[in-house]
Amino acid sequence: MLTEILISLLVLLGALFMLVAALGVLRMPDLTMRLHATTKAGVLGVGLIMLGLVIYFMNLGVSARALAIVGFTMLTSPIAAHVMGRAGYVTGVPMWQHSIKDELKGRYHPHTHELASHAPPADAQAPHDGH
Amino acid sequence: MLFAVLSGFLLATVAPWLHRLFGRHSGWALGALPLGLFMYFGSFLPEIQQNGPLVIDYPWVPGLEIRLSFLVDGLSLLFAMLISGIGFFIISYAGRYLESHRDLARFYVLILAFMASMLGLVLSNNLIALFVFWELTSITSYLLIGFNHEDEDARKAALQGLFVTVGGGLALLAGLVMLGMVAGSYELSEILTQGEWLQAHPWYLPIVLLIVLGAFTKSAQVPFHFWLPNAMAAPTPVSAYLHSATMVKAGVYLLARCYPGLGGTQTWLFLLGVFGAITMLTGIVMAVRSTGIKRVLAYSTVMALGTMTMLIGLGTEKAILAAMVFLLAHALYKAALFLLAGVLDHGAGCKDFLQTGGLRRAMPISTLIAALAALSLAGVLPLFGFIAKELLFEATLQAPRWAWLFAFAAWSAAILVVAVAAIVGIRPWYGAPVQTPIPAHEAPPAMLLGPAVLALLGVFFGLFPWVIAYGLLEPAASSVYGQPISLPLALWHGFNLPLLMSVLSLVLGLLVYRYWDQLRAQTALLDQWVRFGPERGYEAAMQAMVRVAHWQTALLQNGYLRYYLMATLLSTVVLLLAALALNASAVQFYFDLSGVMLHEYVILAVLLAATVMAVTTRSRLGAVASLGAVGFGVALIYVLFSAPDVGITQILVETLTVILLVLVLFRLPRFLGLTSTALRVRDALIALTVGGTITLLMLSTISTHYFDSISSYFIENSQPEGYGRNIVNVILVDFRALDTLGEIFVLALAAVGVYAMIKLRADRLKKGES
Amino acid sequence: MAFVVGGLYAAAIYMILRRSIVKLVIGLVLLSNAANLLIFTLADMSRGAPPLVPLGALQPAGAVADPLAQALILTAIVIGFGVLAFAVVLIHRAYEVVGVDDMDKMKDTDT
Amino acid sequence: MPMYSLILRSASHFLLPLLLLFSIFLLLRGHNEPGGGFIGGLVASAAIALYLFSMDVKAARQVLHIDPRELLGWGLTLAVLSGVPAVFWHQPFFTAQWLTLELPALGEVKLSTVLLFDIGVYMVVIGSVLTVLLALADADDARH
Amino acid sequence: MIALVWNILLAFIWVALSGSFTGVNLLIGFILGYVLLGFALRDKPEFAHYRDKVPRFIRFVGFFLKELIVSNLRVAYDVLTPTHYMRPGVIAFVLDARTDGEITILANLISLTPGTLSLDVSDDKKVLYIHVMYLDDETAVQHQLKYLESRVLEILR
Amino acid sequence: MRPEVALPILIPLLAGALSLAFWRSRAMQRGIGVVGTGVMMLSAWVLLYTTWQEGYLVMHMGNWPAPFGIVLVADLLSAIMVVLAGITGFATAIYSLATLGKRHEHFGYYPLMHLLLAGVNGAFLTGDIFNLYVWFEVMLVASFALLILGGERAQMEGAIKYVTLNLVSSALFLSAIGLLYGLIGTLNMADLADKIAQLEDPGMVKVVAMLFLVAFGIKAAAFPFFFWLPASYHTPQVAVSALFAGLLTKVGVYALFRVFTLIFSLEDPFTQNVLLWMAGLTMLTGVLGAAAQYEFRRILSFHIISQIGYMILGLALFTPLALIGGVFYIMHHIIVKANLFFISGLIYRLKGSYELRELGGVYRSHPWLALLFLIPALSLAGLPPLSGFFAKFILIRAGIEAQAWWLVGVALLVGLLTLYSMVKIWSEVFWKAAPPSAGKTPEPRTRNDALLYLSIGGLALLTVLIGLGAQPVFVLAEQAAAQLLDPRGYIEAVLGGEA
Amino acid sequence: MLEYTLMTAYAILSLALVLAFIRLVIGPSLPDRVVALELIASLMIGFIAIYTLSSKATAFLDVAMVLALTAFLAAVGFARLLEKGAHRDAD
Ligand code: NA
Ligand code: NA
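Chains as they are written, first to last, in this note's numbering: chain P, 7 to 137; chain F, 2 to 771; chain D, 208 to 318; chain L, 208 to 351; chain A, 5 to 161; chain H, 2 to 500; chain U, 31 to 121.
Check before you lean on any hint, since a few could be wrong.
[To be verified] Some chain P residues near chain A, calculated using beta-carbon distances under 8 Å:
id	residue
1	Leu-29
2	Gly-30
3	Leu-81
4	Arg-92
5	Glu-120
If you're looking for bench data, these hints aren't it; they were derived computationally from the structure.
From the three backbone atoms N, C-alpha and C, an ideal C-beta is built for every residue, glycine too.
Chain P extracted, bound-state conformation (with noise of 0.2 Å):
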């Protein structure tokens, strides 16, 4: 009874994360902002859900196959959200009007997208690729 209470939470916490993944990703203002919401979100989702899997099953061979998909999330979820975001970045998608910060802009190069890790000469900031 009481693994069964933990599972249901497990699970219901991890659907609800998924929840606020979707969430985010609909009410984040910004492409990098919704990133920040499915890589955090979704993976802590799938990973508490995969959790109350191992335990209701105790079983090797489904723990094992749910670590490696919790461990296959945590990997390529940031890498999808690290191209997507310097995708965006680099195609000039806007970011939110509010944002305080840009150490990236006129970093990349605009025709390679070489990234500087020092700002260039005041006279060669051109405005990145793609406007």
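Take the given structure of chain P and dock chains F, D, L, A, H and U with the ligands to it, following the hints.
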């Protein structure tokens, strides 16, 4: 007999080499075959005289009742001997006439094949074999008419002849098949004995119509006569052959052949008699109006064919005999005259009467031959033509119906025939000499032999008709009539109406000749009328056919893929809905949604919404992303309904599809709003109709349970027999490995195709750069 | 399900009736999915019973989903994928050659 | 095109062997659990596709070692030939032949023509998908 | 890293020797190997710090999970309430991590932790550009990130 | 165990696989090309002989009993079709040796050819409806790839239409299979036939039959589904056109013959009427389409359609004689049509054009080629004593027996119009003097030309032989038709005593 | 108890699916849509996990495993494309 018939084909295949071997004597060498055949066929005469018709049978396609069986009787021997006899003269003549023609070897091939086809036609006892040879004559004559193929008129004339005769031939085929079915046999010897049964059969009329149609086209009866004069584009020996003894007489032969089975009815009389008479008159009027020598002769052939058709139509004993006599007489003088036309061309370069005259001195022998042949044509005592003419008048006067009409027609025609005979027999040879394109000179003996012999035969048979009557003409007429005919054939019948008609026709005909030029001028109005004649009809029909073809192609094959799809899909829907409506009793709809869970509804709804979005979005990549959502939705359905393998595959394939689409599509432009709202609504309606039909089918299928699936076998045997616990996979790699094998080949092929598409392009780019 | 499949067919058909070749491709993808789902729907759909034999057993414990239909769909999916890959690249190449995403510019070959 | 994201590149170094291993795992267990030649092949193709995206065509080709078209051909050959041995036992083509081996460490191992067939499928899937992807990427590079 | 490979190898050898291929047996083999490598061979330079890795790893996982949950709650709060409290921005984070692997793992972890999302690494591998959701105090954020980095590097090196 | 049934599939599959594996070596490709198709043709003859001797030949693939595993079944019709595929394939391989450039050989021509043949043979031999779908796809995708080999604009345009319409057909086919499986629960064609025969009122089956009709109708290019064919068949390499023209649509026709004699009943008047109308309109629209064309290969392409109409007529009349006619027609047509395309390609090599207006003078310059053209051309038009005459004759006789007057009329008329087209080609290409600006530059003469004449001459010889020696061919068709008319033999051969 | 939990979880995930889908529809940029698509993939993992719980058929976890490992490839593909300059009409 089989060898005799086919020998022409066999010789044709080696003719080019023989031609090379014998050089300028090839005409004689190759002519030896028809000569030999002539004698071979002649050798049958005594036998059939004694024992009656002979059937010689070889199987060909017995399953279809197609046999190479030959009916040797008077009629077929008459024709066979004409074909081979005149064939000998034609070939030997051509050896010289076309000596310098570069395609002489091909000519030999064709003429020999043509001769063989004709022999097969007239000797066949089997309806279908007869048809086979019939069509072979059409094709070989096509190639012969178009022999001078770089001349556009020749090509056109050849096509015209082919189209008319093959068109008729197809009608004939239908008629013959029906005849064979009604008679229960395809053997003429068996069919022709069933006249009463055939004539009482409801199919009698269509059979007669179809067969007559075939015969009329071949024998150039009005309204199909137009192709024959145009066929003059052929080299002269060909024209001579076609007109005198062969091609065009095939129709007459067929009518004569069918007479015992189909003839003697009112229908027969009307069709053959009336059309024959009209053709006779039309032919001779046109002949009088023409100027080119070959054209005059050609129209006179039309006249002759009409006459023979009419006679067969009349169907009396006398008429049949008259037809046979006329046939022979015509063959002799027409071949002679045509060959002389070639001599004229060869010796003086003349094709038109109006431009020539007075060749008598330069070409004395030709003049004499021409005179004899023309006299026979005119039907002057004592030539064979006179006998034919007498018999013609007698037969028409004794016609079972409308006798005086037929007689008057025959007599009118005879007047003009006399005029035509005078034109060809007098005009080029007598009068003041005219400057000819090449200096006039007499033709070599090889070219004169044929005309001379044929013309002399006209005299000989006229004087001694019994020579030919007993041995050949009577058996032939008897074969046609179906009963023995024995009418004395004599030059002199005494003073009677036919003789009077004959004399009058001679007088009037010479008058016509006297005033020929004026007559021609005064009847110029006819040309106007002729322009709306059947030839015009043929051309209009051909044009209409091509127009319809273009219209249809523009309508159906319009280049618009979406209209193709529309036609395809709408046809499909119509067929499906019609079948549904017709089988409504077996179709039922019953569905139960109680078990469906909320989240399943949501997933399905999202799936549909994603589909709608993929359809409606204006952004290409947005559409691709929606497609991804559709794919994931489908995968989720697979998983939720217990198909993990399918689900995994769907996910992977979907991912790869998206990658592929992304790789390929991003260079393509944005969607263009290419269609109007109305069109979109129309397309949406079509789409919904198709979708609705599919839904209907599915619902009905779900509600119909005929049998249990065989899948329980796989479930039970997967582990015990296939040693695998994943039943789906065991099916894939073991139970139904062949499917999977095919499938990986599909995948491989697609990859090879893509590779070729991309790399071939890159290849080209590289080439373009360098 | 039948309605969803019908909807997929309708959408696919609508897309292939467009002038745009890109839409044509999308239509083909949808069509392939629709046909696969049709088979799936018509074989009995059951929840939670994948056609697997438990370890150590000779047969599944209870009723399972129709494995044959699943095998067929798998085959059809892969075939569809291969064909689609070809079609996509074909359309790409056609676009490169013709230069416009408009089927109406591709009707010279017919007549 | 310069080298793409460092993070992705380095992640794919790690993910590639993982995915490949996973694909072989899927291939080998396919007869008993979800998986099999197709699924395994698709995962392996995805792995190399990832490599292609994070690096370039050359790197992807190097990973593969063999030209995908040859892989394709040999995979097909293997798949066809796996159906042939049955004939020597006077059985119809594609009759499965099983060979049970007792290996000291691994216990009872069943080898079969069915597995060979599945391996053929695996090779063909990889070969096909990569033939397409690499050709497309080549063309893309040529354009730049 | 080499140590880990050795460990896994030992685990498999154990499985092979014991002749039963089960998950539990593999785990036993792994633990045995760990003990063997971490304690018995600690004098060898390759295995010097191997003993400490496991406890550190466990502690790190705990730390990380806590961060993950906390950060998620904060995002959840922001997402669920009508007004946004974010003050987002992109900052440049100077890296101590050097190798590609280290950078990647760090970047991934940063993406999974509160309010931060790795956007990209400069091509000279010196700077990680990070999108931060609550950039009220940049130095505090930089400090937190450095702490995370040090803990990660501890395990990896 | 008799391997004959599977060999005509496995040989080209293996040949295709190996030529892919050795794709770098051109010599290997060519060698496998000729040897593979040659051996396949031999195996096809062996199969025909065996089938003739033994009636039905069945192989239960994987040794799984029917109806569970996939069976390969050869009855006479299948065996005949396989032999025809063998002949066409072999002739095409020889022809290809001489005509294909390096580019095509390098990009997979030979494997595609083998696999096309494998797909075709698979479709002919399989006894399983889903497996039929798979082989259709193999054939189809191979044909897609062959179609675009060259990358010309016209090829792309044609291919888009070809691919799209054929994919629609595949989707309909697949849907039909799904529906049928949903209704009857089996895929084995003999089992389907057996079970459907047990139904009292198979109403839904009749409806699904329409879907099969459409799917196969598209593949067969019947009216009103033929649009893809004229849009594409004149665009690829001529060897490819020939292979397509000979074989591809005939697979659709074969499928119609198979399912509508075995599984679905043509005794249903609606189905029969639909097929009859389809036959008539296909003949007519196809031949009129050709009459409007002035390009060698387009004319030939449209004629494929009208000829398909004749074959369907044979099926639709559904009398013993009509079926014989249909089978005979298929045999005749495949050989003749492939050959005509071969000839068009040879003329293109000689004169550099396919446009009738730009061509001419071939009769003068190449009299033997002219003869070789006349044989298939006249045969196509149904002139005796060539193969086409007997084919048409049987059908017309069957039509008259069935008193299907308008169809007989159409069949005759279409014969005449076919002649019109063939004579048009003859007149323009062969008889007419070569126009001064004749086409593009012809390809240089090579010793390979002998190979071209070899394949063209071989097929022409067959055309003549089928005509002159029509009796054995007729008997073969008769037996094949008898098997089609009595599906019990097929069902028993596949299912054993259960049926 | 667990049954109701699972029902609720299904409902929650369904709602999440709808929300994610709305983002997919409204975009506005392509990366936004791709993010939504990624989330849909994650939600599928959730669905499958819960479905595994309700059906007790662990085979479905394999699907989730594949999904977790490969779904991001689509995002990588899209990103790669965007970087290559398709942004001009990427909306
Ligand atoms: Na399969
Ligand atoms: Na599998």
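Hints, one by one, checked against the model:
1. Of the supplied interface hints, the one on Leu-29 (chain P) holds, with its beta-carbon coming within about 5 Å of a beta-carbon of chain A, less than 8 Å.
2. The criterion of a C-beta within 8 Å of any C-beta in chain A is met by Gly-30 (chain P), whose closest approach is roughly 4 Å, and the hint holds.
3. The interface hint given for Leu-81 (chain P) is met, as the beta carbon of that residue sits about 7 Å from the closest beta carbon of chain A, less than 8 Å.
4. Evaluation of the Arg-92 (chain P) hint against chain A yields a held restraint, the C-beta minimum of about 5 Å falling below 8 Å.
5. Evaluation of the Glu-120 (chain P) hint against chain A yields a held restraint, the C-beta minimum of about 5 Å falling below 8 Å.
Hint check: no violations occur; every hint is consistent with the structure.
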